[in-house]
Each structure stands twice: as C-alpha cells, then as structure tokens.
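*Asks:* Residue-level listing of the chains:
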Amino acid sequence: MAGMARSPRIIAGIVAVALAAGAAAAFAIVWQPAIAAIEPPPPASFDPAVVKRGRELAALGNCSSCHTVRGGQDFAGGVPVPTPFGVVFSSNITPDPETGIGRWSEEAFGRAMSSGVNREGQHLYPTFPYDHFTNVTDEDDRALYAFLMTRPPVDAVARPNELVFPLDQRPIIAGWKLLFLRRETFQPDPAKSAEWNRGAYLVDGLAHCGACHTPRNALGAERVSAQFAGGEADNWHAYALNDRAHAPVPWNTESLYAYLRNGWHPDHGTARGPMAEVVSNLSTVPDTDVRAIAIYMTDVSGAAKPERDRSAVLAQAESAPAQGDPTGAAIYVAACASCHESGRPLPYGGVNLALSTAVTSPDPRNLANLILAGVPAVAGERSPIMPGFADSMTDAQVTSLLNYLRTRFSKEQPWTDVEKTVADARRTQTALLQTSIGPRNVPADPSQRDQP
Amino acid sequence: MMTLKVNGQENHIDADPDTPLLYVLRDDLKLNAAKFGCGLGQCGSCTVIVDGKAVLSCVTPLVLLEGKQVTTLEGLGTVSAPAPIQRAFMEEQAAQCGYCIAGMMMRAQALLLRNPKPTDAQIRAELQPNLCRCGTHMRILRAVHRAARLMDTADASANERSGQ
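Protein chains in written order, with the working numbering: chain A, 1 to 452; chain B, 453 to 616.
Worth flagging that the hints you see were computed from the coordinates, not collected in a lab. All values reported here derive from a predicted model rather than from experimental measurement. For each residue, glycine too, the CB sits at the ideal point set by N, CA and C. A couple of the hints might just be wrong.
Anything over 10 angstroms on all C-beta distances counts as not near chain A; from chain B, calculated [said to hold, decoys possible]:
1) 460
2) 505
3) 531
4) 587
5) 604
Which residues of chain A face chain B? A partial, calculated answer using Cβ under 7 angstroms [what the hints assert, rightly or not]:
6) 17
7) 385
8) 391
9) 392
10) 396
11) 397
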C-alpha cells in the first residue's frame with residue numbers, strides 16, 4: 001500500500017519538476033530584459049563616414065519601404081503591412097525620444113536587429129525581418145544606428161497592430177522564434193569569390209530578398225526547403241528567383257545588374273510595385289554592391305540555357321499562330337501592340353510580351369496590376385512609361401486581355417480564377433492610386449548621394 | 453457596324469473593333485476637340501470622358517466602348533454657351549498654343565465630377581498624365597479652381613431657381 005501510495009506522489013513530483021523546468025525554460029525564452037534608456041545622442045557625436053555608410057546600408061535594407069508612409073516623413077513608421085494573421089503597422093525608427101528610438105542605445109538597436117526584441121524587452125513581430133538581420137555584422141548595425149540616430153526626429157505614435165487573438169500577445173512570438181529563428185550568422189564560403197560572398201551576405205542578410213521571394217508556411221515563416229521559389233509582396237507576386245524562375249530569357253549577371261541599376265531591362269521588362277521601390281533605393285548604393293547581388297543571385301538561379309536567348313524566344317513567338325480570346329486580341333492590337341510591338345527597345349517602347357515574366361508567371365496578379373495602374377513616369381529619369389487602363393476597361397475586358405496574352409505569348413497552362421484576380425487587383429490598385437499623391441516609384445534623390 | 457454613344461447621340465460606326473476611339477471621333481464624327489499628340493497614351497491631348505472617367509482615346513479601341521457613354525469637349529458646352537470648365541479656362545487665359553487644352557479640360561472635368569473641391573495637390577496629381585509644352589501650368593491650376601467655384605455657384609443658382 002505504501003509503495004502504491006508513493007508512486008503517484010513520485011509521478012506528481014516528476015510532473016511538477018518537469019512543469020517548473022518547462023516554465024523556467026519558457027520564461028527564459030520569453031523574458032528578455034529591458035535595456036536602460038539613454039539620453040538621445042547628439043547627431044554630432046557620430047562619425048560622418050559611418051553615417052554615410054549607414055545611409056547606403058539603409059538603402060540596401062529597403063528600410064524606407066516599410067518604415068515610411070508615402071508622402072509622409074522619412075522613417076516615421078505607420079505603414080500597414082498586411083499578413084494572413086492581421087495587419088502589423090511599422091514602427092517609428094526616427095530618433096524621437098518618446099515615439100521613436102531616440103532612447104535606444106547601440107546595444108538595444110543591435111539586439112533588435114539580431115533577435116527581434118525592442119529596447120523594453122518586448123518581442124517584435126517577424127514582419128520586421130530579423131530572421132535575415134541576424135546575418136548583419138555588428139559593424140553594419142552600428143552604421144545603421146548612426147544613420148538613423150542622425151535623422152530628424154519625428155513625433156509619431158505607432159498605430160496599434162490589428163492582429164487576431166492570441167497572436168496579438170507578444171510572448172507568443174518567442175515560440176515562433178524557437179521554431180523558426182536560426183541565430184547563426186552569415187559564414188562566408190571560402191570556395192567562392194569575394195564578390196559572391198558579398199552578394200550572399202547582402203541578399204540573405206540586410207537586403208532580405210527572401211522575405212518576399214520565398215514562400216511562407218502556415219505560421220508565416222519562410223520555407224527553408226523552397227528558398228526563392230516565389231512569394232508575396234503587398235498584393236504583388238514576387239517572382240521565383242531559383243532554378244524554377246519563369247523568365248523566358250534566363251537572367252544572367254549582366255542583365256540582373258542592369259535591371260537592379262535601372263529598374264528595367266530590354267530582355268525582361270520593368271520593375272513594378274514593391275520592386276520599383278527596391279530599385280529606387282538601390283540606385284543610391286555603390287555599383288559594387290549591386291553587382292555582388294547580381295553575381296550571387298544568378299548563381300542561385302543556375303546557368304542560362306543557351307536555347308532560350310532573346311532571338312530564339314522572339315522567333316518562336318513570331319512563328320506561333322495568333323489565337324485565343326478574340327475580344328482580348330482586339331484589345332491587344334489596338335491598345336497594346338502600338339508600343340509593345342513597335343520594335344523600339346526599352347525604355348522608349350514596351351517590352352515584347354513574349355519576353356515578359358508577368359505573362360509566363362503562374363500568378364496573373366502582376367499583369368493585372370500593371371494593366372490597371374500603368375507605369376507612371378519617373379521625374380527626371382529615363383524610364384519606361386505606360387498608361388493605366390483602369391478607367392477604360394471593365395473587369396471582363398481586362399480578363400479577356402489577360403487570357404489572350406497568356407495564350408498568345410506563353411506556352412503555359414491558362415490561368416484560373418482570372419476574373420477574381422482582376423477584381424482584387426482593381427480594388428488594391430484603386431486604393432493605392434487614391435491614397436498616394438505622386439507616383440509610387442519615387443526617384444532616388446541624386447542630391448542625397450554621398451551625403452552623411 | 454457598332455453603335456457608339458457620343459455626347460448623348462447614338463452613332464452607327466462602320467469600323468474595325470480595334471480602331472482607336474480618337475480616329476472615329478475626328479475622322480468619322482468630325483469632333484476635332486480631342487487631339488492626336490503621341491498616339492501612345494503618353495501625352496494626354498486625346499483625353500475624353502467615358503462613363504464619367506478620363507480616358508486616353510488614342511489607346512482606347514472601339515471594342516472597349518460597347519454600351520458606354522463618351523463625352524467630348526463639344527458635349528460640355530458651345531462657343532455661345534460655354535460650360536463652367538470652358539469659361540474658367542477662357543477667363544484665366546490658360547491656353548497658349550492650346551493643343552493640350554481640350555485634354556486638360558476633359559481630365560479636369562472628370563476630376564470635378566468626382567471631387568468638386570480639389571486641392572492644388574489633387575489637381576496636380578490628377579493632371580499628371582497630360583503634358584503642356586508651353587508652360588501654362590499655373591494658369592491651368594487656377595482655371596481648375598475657378599471652374600470648381602463656377603460649378604458650385606451654378607449648382608447654387610440652379611437650386612435657387614428650382615426652389616431648393
């Protein structure tokens with residue numbers, strides 16, 4: 001009897017110890033200490049050379065895309081980032097002491113970058129891509145800190161996130177990190193060139209290309225097994241960049257470099273939507289960094305197949321009989337062909353649509369967005385432009401056009417659910433056009449180059 | 453053969469469905485306010501209103517216009533009875549060579565239909581697709597504001613007359 005009585009007690013004891021240990025472990029993971037607030041450091045206390053380097057790094061990291069509302073003040077936050085779990089609003093990263101990061105020490109900033117924890121010790125949502133920023137060196141974090149702490153402070157209170165319960169509880173993020181946050185930092189591959197390694201460091205780290213171009217799992221983490229297989233960005237499809245990329249003419253280092261530098265390439269087309277902002281930001285960074293990104297990414301996407309060069313793709317498109325949706329064909333002939341078959345190369349003519357990844361992509365959203373919103377001119381730049389057709393085409397007409405373009409210019413299966421795609425695109429593009437004054441692809445301000 | 457509704461009148465048009473609206477307006481219907489500028493939808497001089505929205509008629513084929521209402525500058529007012537937008541452009545002397553002005557007025561009219569009191573920034577953003585090489589932009593801005601005021605008082609006096 002005594003033995004019988006003892007064993008439940010032992011089990012209870014073991015359970016209690018296990019629970020306590022679990023709780024302690026969970027506490028250790030969840031609880032992060034606050035880092036003491038500081039008086040905002042005066043801008044003059046930072047080395048201008050470090051600040052200048054920080055400016056280039058912030059452009060490489062595309063920080064302004066999420067942290068600056070269009071037409072609003074730089075880095076003041078408030079941009080809604082839609083996720084499957086609700087809307088996360090970006091934070092104010094100006095050095096305002098009350099609403100920004102003015103009271104953050106360099107240590108607190110570095111911890112946020114590498115671990116996704118704010119100065120007060122709260123976990124940050126992984127919409128802030130610290131799963132990439134773990135790769136950023138301490139030296140680069142210091143330069144970014146110097147750049148941000150020398151910006152004009154803006155008094156702007158962050159909007160509360162609109163997330164579903166229980167995801168609005170920040171301690172839950174600790175569990176997400178346990179599952180998905182790899183804390184090892186970037187290690188160079190000695191078998192590869194210095195440029196390749198520089199590209200890998202930027203792409204997988206600060207530039208966080210995979211945040212959009214890699215698909216995410218049900219819990220919103222990038223799928224490691226499908227790196228660069230194509231993902232989501234703000235109602236646009238971020239194309240696959242791996243060996244399954246859909247570009248009719250495969251990318252090479254030269255074409256990718258030119259595309260990232262100029263925002264367009266005659267064999268591929270024009271950067272639109274969120275990618276236009278990326279290119280705009282990249283226009284302020286050194287050529288060597290853009291080239292390094294191009295070198296690394298073309299290695300990721302694999303060697304070009306010789307049978308798919310530009311002339312082969314165009315010749316094949318010429319020989320294919322015109323067919324498909326007759327309404328779409330008439331729209332194409334009258335509204336599109338005068339530019340897209342003009343024979344004028346980009347940026348003065350439209351890209352031949354047989355070369356367009358928007359047509360061969362499995363997702364028709366980008367083409368729908370483009371047809372509706374067009375490509376606005378970039379002030380002061382030699383850039384492609386296209387009128388938007390939102391006001392002259394009904395959803396049914398855009399649908400006919402999309403179906404025609406898919407049949408005429410690609411050998412892929414027809415898209416499904418095109419009508420719904422068009423209706424969604426009209427909603428999001430209309431919202432975009434009405435909330436923004438001025439074009440989405442703000443040109444880089446050349447007067448700011450080389451400035452601290 | 454298709455039926456095209458322009459300025460409230462139905463017209464039977466014998467043209468291919470891919471014919472740009474601009475060609476039909478100018479060549480078949482002799483409505484010459486809309487101008488051919490670039491033919492590529494990049495200058496705005498061909499702007500007309502279709503179902504209340506500003507549309508570039510040089511890149512709008514007939515096939516898109518089945519069942520829609522087209523309004524050209526001729527449909528807004530006449531020389532003896534100009535519409536508020538036309539009066540405003542005349543009173544501000546907003547034209548120099550005038551080639552872009554019909555398109556400017558049509559896009560401004562579409563804006564005022566949607567937003568009767570636009571700000572400077574809204575007018576600038578709206579008229580961005582329309583180019584003027586003479587540099588009358590400041591007068592055009594003033595003319596659109598003036599048209600907004602004229603439309604406002606026109607509405608008010610119309611309401612007074614109808615006893616509202």
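*Asks:* Confirm or reject each hint.
*Replies:* Hints, one by one, checked against the model:
1. 460: Consistent with the label, residue 460 of chain B stays out of reach of chain A, its closest Cβ about 20 angstroms off (over 10 angstroms).
2. 505: Not fine: 4 angstroms to the nearest Cβ puts residue 505 of chain B too close to chain A.
3. 531: holds (29 angstroms)
4. 587: Holds: least Cβ distance 16 angstroms, greater than 10 angstroms.
5. 604: About 23 angstroms separates residue 604 of chain B from the closest Cβ of chain A, which puts it past 10 angstroms; holds.
6. 17: violated (66 angstroms)
7. 385: holds (6 angstroms)
8. 391: Interface hint status for residue 391 of chain A: holds (4 angstroms vs cutoff 7 angstroms).
9. 392: This interface hint holds because 4 angstroms falls under the 7 angstroms limit.
10. 396: violated (10 angstroms)
11. 397: holds (6 angstroms)
Hints 2, 6 and 10, counting from the list given before, are not met by this structure.
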